[in-house]
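Participant: The primary structure of each chain is shown beneath.
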Amino acid sequence: MSQPSEQATGSIYDLGYRRYEGVRLGRRHAMAAIYLQGLKGAFGIGRRTSSKIIPIVLAIIVMVPAAIQLGLAALAPRDVAVIKPENYFGFVDIILALFCAAVAPELVGRDQRTRTLSLYFSRSLLRSDYAVAKFAALVTALLIVMLVPQVLLFGGSALASSDSWAYLQDNWRQVAPIVGSAVGIAVFMGSISLVIAAQTPRRAYATGGVLAFFVILRAVGGILTGTLSGDYRRYSVLMDPFIILRGLTTWIFRSAPEGVIADVHISGWFYLLAAVVVAGVSLALLYRRYQKVET
Amino acid sequence: MPSMPLLETFSLTKRYGLAVTALDNLSISLEPGIIGLVGANGAGKSTLLKILLGLLTPTSGSATLLGFDVATQGPELRQFVGYMPEHDCLPIDMTATDFVAHMAEVNGLPRRAARERTAETLRHVGLFEERYREMRGYSTGMKQRVKLAQALVHDPRLMLLDEPTNGLDPEGRDEMLDLVHRTGTEFGIAVIMSSHLLGEIEQVCDHLVVIEAGKLVRSDAVSTFTARTGVLTVEVETGAGQLAERLRQQGLAVREDGREVLVGLANAQPYDLIRDSIVDLGLGLVRIEQRRQSLEELFRPAALDEGTNVAAV
Numbered sequence: 000m001s002q003p004s005e006q007a008t009g010s011i012y013d014l015g016y017r018r019y020e021g022v023r024l025g026r027r028h029a030m031a032a033i034y035l036q037g038l039k040g041a042f043g044i045g046r047r048t049s050s051k052i053i054p055i056v057l058a059i060i061v062m063v064p065a066a067i068q069l070g071l072a073a074l075a076p077r078d079v080a081v082i083k084p085e086n087y088f089g090f091v092d093i094i095l096a097l098f099c100a101a102v103a104p105e106l107v108g109r110d111q112r113t114r115t116l117s118l119y120f121s122r123s124l125l126r127s128d129y130a131v132a133k134f135a136a137l138v139t140a141l142l143i144v145m146l147v148p149q150v151l152l153f154g155g156s157a158l159a160s161s162d163s164w165a166y167l168q169d170n171w172r173q174v175a176p177i178v179g180s181a182v183g184i185a186v187f188m189g190s191i192s193l194v195i196a197a198q199t200p201r202r203a204y205a206t207g208g209v210l211a212f213f214v215i216l217r218a219v220g221g222i223l224t225g226t227l228s229g230d231y232r233r234y235s236v237l238m239d240p241f242i243i244l245r246g247l248t249t250w251i252f253r254s255a256p257e258g259v260i261a262d263v264h265i266s267g268w269f270y271l272l273a274a275v276v277v278a279g280v281s282l283a284l285l286y287r288r289y290q291k292v293e294t
Numbered sequence: 000m001p002s003m004p005l006l007e008t009f010s011l012t013k014r015y016g017l018a019v020t021a022l023d024n025l026s027i028s029l030e031p032g033i034i035g036l037v038g039a040n041g042a043g044k045s046t047l048l049k050i051l052l053g054l055l056t057p058t059s060g061s062a063t064l065l066g067f068d069v070a071t072q073g074p075e076l077r078q079f080v081g082y083m084p085e086h087d088c089l090p091i092d093m094t095a096t097d098f099v100a101h102m103a104e105v106n107g108l109p110r111r112a113a114r115e116r117t118a119e120t121l122r123h124v125g126l127f128e129e130r131y132r133e134m135r136g137y138s139t140g141m142k143q144r145v146k147l148a149q150a151l152v153h154d155p156r157l158m159l160l161d162e163p164t165n166g167l168d169p170e171g172r173d174e175m176l177d178l179v180h181r182t183g184t185e186f187g188i189a190v191i192m193s194s195h196l197l198g199e200i201e202q203v204c205d206h207l208v209v210i211e212a213g214k215l216v217r218s219d220a221v222s223t224f225t226a227r228t229g230v231l232t233v234e235v236e237t238g239a240g241q242l243a244e245r246l247r248q249q250g251l252a253v254r255e256d257g258r259e260v261l262v263g264l265a266n267a268q269p270y271d272l273i274r275d276s277i278v279d280l281g282l283g284l285v286r287i288e289q290r291r292q293s294l295e296e297l298f299r300p301a302a303l304d305e306g307t308n309v310a311a312v
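Those sequence lines, one after another, are chains B and U.
For the first sequence, numbering that gives the first Met the number 0 gives the first residue as 0, with consecutive numbering after it.
For the second sequence, numbering that gives the first Met the number 0 gives the first residue as 0, with consecutive numbering after it.
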């Protein structure tokens, strides 16, 4: 706090500066700072209200299926599981894509737009450290958005059940696949969204690019699956990012496949492979983008 | 302990494509101090600073800064370096306090120390209550202060300032130069500051590096650039010819230059003689001064002699 007396005297500029003799924590601390800043920025925390609206509204929409299920469970306590953890992603996948399209440009486009990138890259970290921190921030934001409703669903179902302890005993094995599938989805969506958004400082282009990726590939996948036949048709579902993630989720939960996934009946390993390849290529391209970007 | 050079470059070259050579075999060695980097726009000043910061990779050659190799020891080096770019670089939807504190943390300061240093540094650069407001509404002068603060918040051993007075009005310019000068002299932080305005460099720096078209023209102490010359300028309203003739008869080395008579100061101090001659001839004296070279004059030989504001003798 500056005191009034400081303002009153003439030599106000000299009062503050002292040498710093304390520790300098280096790259990992720098990454942690960028990660936390990114995570807060993803939800508009520390920014004006208009930056909070879209991410918060989308995060709330992702909770709607959990709320519906809990409402049903409260009305009809006879264990009606309309919305199961393994199906949850299927209800909200488009909303998650919208969340990525809104948040990824905020995380990586903003520093390019305001040219703050040159301040980051002239500090004590590597360009790849910056990219890793931003990626971790987006993955964490997606995990929060996905796992909060799952926790509500799980906890709420346990409380609503006639015997909560028995519910937990019966269902605790769900925790690992819930978390595992959420991590898989977050890494997949986070990496592809981030690399697309990092290509341009322009927010509108970045958002459009992320949406186009999901929407166009979904359409292409649908058309291929509808027109091809035989093995071509079976593997053509891997064109659709949402199908990749649904297949991956089904495989992680070892649940009964439904819809087109049941229809084409390919090994779960293919979904995993497709997800790993897409995420791996995205992260490699993200690395390359930041090695080359002019600041 | 022998003093380590602040900066050494070895045949540093940067080409963009085949056509543009921004730096051409630049080799310099500089001792710590307040160093001015002068050259026309496009001379390679920003390119040099960016290479030193690891923001650009040189086409060939190498450089060390504070004893660190800029290419291989970037993160270690940059803990001790602050950079103020020429261009805008502030996220205007943050407050100055939040932004500078964040930048201090990215430089490795623990959160608490980052907060404390931010408050001190923003005060030092002259930002008070405004620092809690979004930077959106800041004037150019305030933005320049924040840019300086983020380069200073982690207490660097060296600051690289790229055209720090860009876009400032004359008053803001003087304040910024004063701030840079004080930071360099009172806190012992070495400064390399680029500018295309020689007057600024003269005001602030003790060493001058001149580059042109990516090549080193000269690197020397500012005082050697502006040393007094052995010439006395005598300006009279009329009758310069008469005066020159008279002084020549008295045995002085004299040259006529428009309304001015230039008198060599080789032996004696001919002030009395000049005064008496002017009185005898009944001429109107405008000024007598010992000529001092200004930087402006050095680099713009065609320009009129107008920057030498040395008090008349």
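By construction, these hints were calculated from the structure, which means they are not laboratory data.
Built from N, CA and C at the ideal position, the CB exists for glycine as well.
Among the hints, erroneous ones may be present.
[Said to hold, decoys possible] Derived DSS-like pairs (lysine-lysine); straight-line CA-CA distance at most 27 Å: (1) U:Lys142 to B:Lys51; (2) B:Lys39 to B:Lys51; (3) U:Lys142 to B:Lys39.
[Claimed, not checked] If you want the footprint, here are the derived chain B segments under chain U, 3+ residues with CB under 8 Å: (4) 120–133; (5) 195–204.
Participant: Please go over all the hints and tell whether each is borne out by the structure.
Facilitator: Here is what the structure says about each hint:
no., hint, verdict
1, U:Lys142 to B:Lys51, "25 Å, holds"
2, B:Lys39 to B:Lys51, "10 Å, holds"
3, U:Lys142 to B:Lys39, "24 Å, holds"
4, 120–133, "holds (count 6)"
5, 195–204, "violated (count 0)"
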